[in-house]
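When we follow this note's numbering, the leftmost residue of the sequence shown carries the number 4, and every step to the right adds one.
Relax, there's no trap hidden among the hints.
Simulated crosslink set (SDA-like; lysine to any residue; CA at most 20 Å straight-line):
id, residue 1, residue 2
1, 42, 24
2, 42, 11
3, 67, 84
4, 102, 22
What the hints contain is simulated information worked out from the structure, not anything from laboratory work. As the structure is a prediction and not an experimental result, all values here were calculated from the model.
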Amino acid sequence: MNILVVDDNKTVQEKLAAFIISQGHNVDLAINGLDALGKAQQGNYQLFVIDHLMPLMNGLQLTKNLRANQLTSSVPVLFMTTQGSHTLKGLVEFSLFDKIIDKPINEEHFLTILSELSAVHFESDTLQANL
Numbered sequence: 004m005n006i007l008v009v010d011d012n013k014t015v016q017e018k019l020a021a022f023i024i025s026q027g028h029n030v031d032l033a034i035n036g037l038d039a040l041g042k043a044q045q046g047n048y049q050l051f052v053i054d055h056l057m058p059l060m061n062g063l064q065l066t067k068n069l070r071a072n073q074l075t076s077s078v079p080v081l082f083m084t085t086q087g088s089h090t091l092k093g094l095v096e097f098s099l100f101d102k103i104i105d106k107p108i109n110e111e112h113f114l115t116i117l118s119e120l121s122a123v124h125f126e127s128d129t130l131q132a133n134l
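Kindly produce the complete structure, drawing on both the sequences and the hints.
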């Protein structure tokens, strides 16, 4: 899978990228929402891993833009937050995210979510190939 990781913290980016690569996936990095939006429109991603709070364009604004774009509207979004996933459940926009994970990231939980989203991606690709 091609995955775009969006986080303004370089340490978080590097740790996530190393972990995702160790699981056999490809990773691109973006430092904020604006950077990610440009890369998303040019790339072929099967998953976006997006931080909540970032400068220039936060994760919520980025996700809204991705959902409004025909090229990226169906790509799953794993949303990362330091605010606690329970606080996001009250947002009207909660349904924009496929999964939410709390930071700091628990690698075992992240791997479970990555496996679930990989399976959905694989099923989608198989269905399209058979049409």
